[in-house]
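There are 2 protein chains.
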Amino acid sequence: MSVETKAPVVVLVRPQLGENIGKAARAMLNFGLTEMRLVAPRDGWPNPAAGPAASGADVVLERAQVFETTAEAVADCANVYATTVRKRGVTKEVVTPEQAAQEVATQPGRSAFLFGPERSGLETADVALARKILTVPINPEFGSLNLAQAVILCAYEWSKRQALVQPTVEDILPPAPQEELEGLIIQMEEALDQRGYFRPAARAEASRLTMRNVLTRPGWNHLEVRTMRGIMRYLVKPPRQSDS
Amino acid sequence: MSVETKAPVVVLVRPQLGENIGKAARAMLNFGLTEMRLVAPRDGWPNPAAGPAASGADVVLERAQVFETTAEAVADCANVYATTVRKRGVTKEVVTPEQAAQEVATQPGRSAFLFGPERSGLETADVALARKILTVPINPEFGSLNLAQAVILCAYEWSKRQALVQPTVEDILPPAPQEELEGLIIQMEEALDQRGYFRPAARAEASRLTMRNVLTRPGWNHLEVRTMRGIMRYLVKPPRQSDS
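Chains A and B are the protein sequences, given in the same order.
Numbering follows UniProt numbering, in which position 49 of the first sequence is assigned residue number 49; successive positions increment by one, without gaps.
Numbering follows UniProt numbering, in which position 13 of the second sequence is assigned residue number 13; successive positions increment by one, without gaps.
Some hints could be false.
[What the hints assert, rightly or not] Here are the simulated DSBU-like pairs of lysine-lysine, each with C-alpha atoms no more than 30 angstroms apart in a straight line:
{"#": "1", "chain 1": "A", "residue 1": "Lys-160", "chain 2": "B", "residue 2": "Lys-237"}
{"#": "2", "chain 1": "A", "residue 1": "Lys-132", "chain 2": "B", "residue 2": "Lys-92"}
{"#": "3", "chain 1": "B", "residue 1": "Lys-92", "chain 2": "B", "residue 2": "Lys-132"}
{"#": "4", "chain 1": "A", "residue 1": "Lys-160", "chain 2": "A", "residue 2": "Lys-6"}
{"#": "5", "chain 1": "B", "residue 1": "Lys-237", "chain 2": "A", "residue 2": "Lys-237"}
What the hints contain is simulated information worked out from the structure, not anything from laboratory work.
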C-alpha cells in the first residue's frame, strides 16, 4: 500500500466555526495530510470563514467531503481513532499520537482520526465507532487544546513516520583536519610564549594542555580555523594609535 | 538537576500581536512549560490582547519577563536554540524538535528556544546567539506554521521526554552562561577593532557575525571561557624583547 493511501483521514465531527475548519486544514497540510471529511458542519458547507483561516491550504478544503453521520464518514475506514483530550470512561485502548502514527503507518486498511466539536468534544455514539481512543498526554493541571492544535499534533506525529520527511540533511562542514588545527595551536602557542603566558615553567605544561583542550573541543571546520588564524594575526599587532 | 530547572525557557523575539503571545502561553502551559521571556514586544507589555488568547494560561503571562535585547534574554542560558521553519544558510547544526527535547532533558545547563516575529522570523543576529538551529520538518510544498503552532510542537516534544528521561548524571560542566561568552566576544571585538580587523566598514558586520559564530559553536564552559579570556589578555600585549 502506498504512502498516499496510508495517510489517515481527518474527520471533523459537527465542527462549529468555519475558521476552525480552515485552521485544521492548514495544520493538516503542514504535515502532508490532505483528506478531510466533515460530519454535519453546524453552519453548512462550504463556509466562507474557512478559506482565509486556511492560509493557503485551499486544496484540503476544496476536496473536503461532507457526510450526515459519523458512521457514513468512516464507512471505508478499517482503523478509527476517537480523539479526546482527557481519558473517558470507556473500555477501549488508549493510545498517544505517537503510537497511533506508528499503527497508521504499519497496519493494513485505511485509518481515520475523529475530532469532536470545539465546545463539547465527541459524543459517546461517535466514540463507539472507534477501535481506539487517541489522547494527547497533556498537563494535568491545564489541558486546553483547541481543535487545530489537536489536529496538528496528530498530523505532526504521522509525518514523522513518513519517508517524505527526511530528517534535515545537514551539509555542515566536518571538523578541520588535525594538521590545520595544529597550525592554529602552534601559532597561538608561539605568540603566547613570546608574551610570557607559560611562566612560571612549572605550570607551562598544564597551561599548554588546557589551551589545546579549549581549542580542540569546538571541532571547528577549516573555515572556522582560518577565521581564528586571521583573528590571531590581528590580535598580536600593536593597536592603532588613532582611528584614522 | 531537577526537572523544574531542566524545562526550557521560551523566548519570543520581537513578537507582534498580543494575541499570539497569549496563544503561545497557552501552548506552553498545555505541555508544562511556564517560563516565557519577551524581547522588545512590538506593542509593549503587558498587552491587553494576550490574556483572552491565553485561555486561562495567565500564570505564564504574569511571570513573563521582558528584555530589550535577545542577548539579555538568554544571558543565563547555556544552550540556545534558534527556531526556523526553513533551513537557513548558516553553519550550525540543525535539530528537530524531538532531538532538541532529548538534548534539553539530558544536557547540563539551562536551555532556551528562540522564536522570531510572526512575519519575518528570527534575524541573523538572533540566530548568531544560538548554538543550534531547531527546525520543524514540514511539508516542503506547504510550510505555514504560525508562532503558537511552532511553540506547541516544541513544548509537546519536551513534555514527551519528561516521562521517559531518567535524570542523566552529567559530570561535565555546562556551557558557560551566555553573558560570560558575551564578555569574551566583546573583549575580542574591542581588541580586533583597535587593530583594524573590521576594515573596510562594508564587511565589518559580516566579520563580527563570523567571529561570533566561531566563538559560540564550541559551547565552552566557564573555565574554558576564562582560559580564553586569559589568553586574550596575553595576546594583545607586546612581545617581550628577550627571553630573559
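Now the hints, each set against the structure:
| no. | hint | verdict |
| --- | --- | --- |
| 1 | A:Lys-160 - B:Lys-237 | violated (54 angstroms) |
| 2 | A:Lys-132 - B:Lys-92 | violated (42 angstroms) |
| 3 | B:Lys-92 - B:Lys-132 | holds (6 angstroms) |
| 4 | A:Lys-160 - A:Lys-6 | holds (14 angstroms) |
| 5 | B:Lys-237 - A:Lys-237 | holds (9 angstroms) |
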